[in-house]
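S.K.: In the order they appear, the protein sequences are chains L and C.
Under the numbering used here, read the first sequence as residues 1 to 218, first letter to last.
Under the numbering used here, read the second sequence as residues 1001 to 1441, first letter to last.
Each hint should be verified, as a subset may be incorrect.
[To be verified] Far from chain C by the CB rule (all over 10 Å, computed), these chain L residues:
| # | residue |
| --- | --- |
| 1 | Gly12 |
| 2 | Arg23 |
| 3 | Ala25 |
| 4 | Asp35 |
| 5 | Lys103 |
| 6 | Arg116 |
| 7 | Gly133 |
| 8 | Leu160 |
| 9 | Leu192 |
| 10 | Ala198 |
| 11 | Gln201 |
| 12 | Lys208 |
[Claimed, not checked] Result set (DSSO-like, lysine-lysine): computed pairs, CA atoms no more than 27 Å apart in a straight line:
| # | chain 1 | residue 1 | chain 2 | residue 2 |
| --- | --- | --- | --- | --- |
| 13 | L | Lys208 | C | Lys1204 |
| 14 | C | Lys1160 | L | Lys81 |
| 15 | L | Lys81 | L | Lys140 |
| 16 | L | Lys120 | C | Lys1185 |
Hints listed in this document are in silico derivations from the structure and should not be mistaken for laboratory results.
This one's a predicted model, so the numbers in the text were calculated from it and none came from an experiment.
By construction, the Cβ of each residue, glycine as well, lies at the ideal position given by its N, Cα and C atoms.
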Amino acid sequence: MSDTVTIALSKGTMLTATLELFRKAGYKGHNRNIDDRRLVWDCPEDGHTLLIVRPSDVPTYVEYGAADVGVVGKDVLLEQKPDVYEPLDLRMGACRLVVAVPKGKTFPNRLSSKLRVATKYPNITERHFNEQGIPVEIIKLYGSIELSPLVGLTEQIVDLVSTGRTLKAHNLVEQEVIAWSSARLIVNRASLKIKHAAITQLIERLKKVRPQKAEPSP
Amino acid sequence: MKPARSLIPIGTATFGPNTARRVRILESQLLTLLSRWGYREIILPTFEYLDVLSVGLAPEVLEKCYKFADWTTGRILVLRPDITAQIARMVAMGMGGDGLPLRLSYRTTVFRYEPEHAGREREVFQVGVELIGTDDAYADAEVLISLIELLKEVGLPDFKISVGHVGFYNALLNRSGLSGDGQRKAEIAAARKDLPLLESLLLKERISRKKIQVLLEAVGRCGQADVLEWGRTIAGKDSALTIPLTRLSTVYDLLGTAGLQDHLLIDLGEFRGFNYYDGVVFDVFTSSFGSELGGGGRYNHLLGRFGRELPSTGFALDMDRVFASLDSAAFQNGDQGLPLLLVSTHKHYGVAFKLAQQLRSEGFQVIQETEGPGKIDLAKQARIRSKKMGIFKAIIVGAPRVSLGYVMVMTLGALSKQPPLAKVLCDELPSFLRGQLHGRL
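Starting from the given sequences, assemble the full structure and let the hints guide the process.
M.R.: The structure is reproduced here in structure tokens:
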């Protein structure tokens, strides 16, 4: 049995901050050059192997056990609902999932009473509107969600907001916060039992050095 | 144009001869081992009436059932999604016999709609046991010990059994002062060890800092006797907490007596699984697989839902997952069964048949063929046919210039173009083959 802990990290804006947090926690090997293009990074001095993957792939690696531990935003976890443990809020990359509408919104000029909502998060959106009892037609988009109300594709959007500047620039206003998100440490269920000591130590150390309050991405 | 459609339903598997054989060997091995603990195998129907079985199934499970109409009665049938509820139904109806406790084992498949995801199948092969009609710690320990011994015996590497008690965390939540709705949400958060969510739920209902600390720590704690020790300091004199904890400690000590404590990991926050569990519960984990290989626990009130209160416990192993976690080398010993090819002329069919039957009765696998059309040398035919079928020993009956009572035995190998032939007396054939095939048969 290998005692190395495999950690899946989200590539992109959060990576630098995550590596810095691990270094603060005493894991010296996590001084990866950001321009390094390797996807697998061995840190034998810490007993870690790092995998650099897309944020939305982190839960998959951890749920299947290809990685023991992962760092990923709560928004991704809410959308995918993977069967993993989520023991720690790392309090980085804080943002919120909101429903936004055009300023001075117009009502749909259609026979159907169904609202159209554009989002990258169809599952969260469906759950949210189901809970409210509002029938909606969800349109899954892969980016530039703010565009859709401007061109009349949808009446509303559900999107991740950090500062709110992008919404403002597109003349959209926040109507409602669905959920608050920040980076979470997730753990494979088998790994927590089999590599219990190493993973507990990791959780404890990160807990000590994480920010006092949730912080947005730099 | 027809759309490209899958030819087999999602979540089903087809086992080829080699895999099927290994799975069956493994299943039989498990059932034989269980029979030594007094568990007797039963076979139950694949489908049941939904209205009868649903009493024992949680709403989430019911949503994942395959259901169809029974045209003769107009009632709804269900492919069993879970065998424990079915056995409970059977025993409550008195079909399990009178003797208590009952020790029953099974190998079976259960069916559930699952998204094709994380290795979850829709047709799941299971082997398991139920120990029905006794509610003492010895029964809990027996089920755990037999499970561990079983996994050791089949050679599962470095596995851990995570053990908890449903009652402990439930009692903690009960006395926290959470609302009913809050408690349900907290249960889900705790089962996922989603500590940030759990904390926010507790804060929202203004639960005291001290209580929150305990509830969070109970979910995070897992380990050995130290966890039980911690639990005792939390429990104090509250019987709702001490009763489950004492049961868990007793079982833990009994496993210690059996010398098997190292396989256990106590987890006071673990209480996931079927909603009928109400006592000691457990899951099997190993390093090579990302989720549990199986699990089980105590269900003291499930049979009551079918009309006969009988405290019970049991476990089930997911064979696909166990199989995936086993080192394939573990099967080498069982890998016997290379067939022989027996070829004869038309004239010698009768002699050849007798010989084939004799070999079969002695445990050999024999495929019998008769000479093909046209003039072809019998030895050449044996060689060609053996190669085609992947057979490496052929017996030739009635070859020219071989005296009565003798056969030729051909050994095929990758090295020689002309396979070696040996002349063997018919009566000595079994012992000759046994000697030749030693280690490969």
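S.K.: Quick check for students: does the CB of Ala198/L sit more than 10 Å from each CB in chain C?
M.R.: holds (12 Å)
S.K.: Report holds if the minimum CB distance from Gly133/L to chain C is greater than 10 Å, and violated otherwise.
M.R.: Gly133/L is indeed farther than 10 Å from all Cβ atoms of chain C, at 17 Å.
S.K.: Confirm or reject the statement that Asp35/L sits farther than 10 Å, beta carbon to beta carbon, from all of chain C.
M.R.: holds (32 Å)
S.K.: Just checking, Leu160/L versus chain C, shortest CB gap more than 10 Å?
M.R.: For Leu160/L, whose nearest Cβ neighbour in chain C is about 18 Å away, the distance exceeds 10 Å, so it holds.
S.K.: Quick check for students: does the CB of Gly12/L sit more than 10 Å from each CB in chain C?
M.R.: holds (22 Å)
S.K.: With the threshold set at 27 Å, check whether the alpha-carbon distance from Lys208/L to Lys1204/C stays at or below it.
M.R.: With a Cα-Cα distance of about 24 Å, the restraint between Lys208/L and Lys1204/C holds, given a limit of 27 Å.
S.K.: Is Lys81/L close enough to Lys140/L, meaning Cα to Cα at most 27 Å?
M.R.: It holds: about 18 Å lies between the C-alpha atoms, which stays within 27 Å.
S.K.: Say whether it holds or is violated: Lys103/L keeps its Cβ farther than 10 Å from all Cβ of chain C.
M.R.: holds (31 Å)
S.K.: Given the hint that Lys120/L pairs with Lys1185/C, does the C-alpha gap stay at or below 27 Å?
M.R.: Holds, because 26 Å separates the two Cα atoms, which is no more than 27 Å.
S.K.: Is the nearest Cβ of chain C still more than 10 Å from the Cβ of Ala25/L?
M.R.: holds (17 Å)
S.K.: Is the claim that Leu192/L lies outside the interface with chain C correct, judged by CB distances over 10 Å?
M.R.: Given a closest Cβ separation of 7 Å, the condition is violated.
S.K.: With the threshold set at 27 Å, check whether the alpha-carbon distance from Lys1160/C to Lys81/L stays at or below it.
M.R.: holds (26 Å)
Violated hints amount to a single one, hint 9; each of the other numbered hints is respected by the structure.
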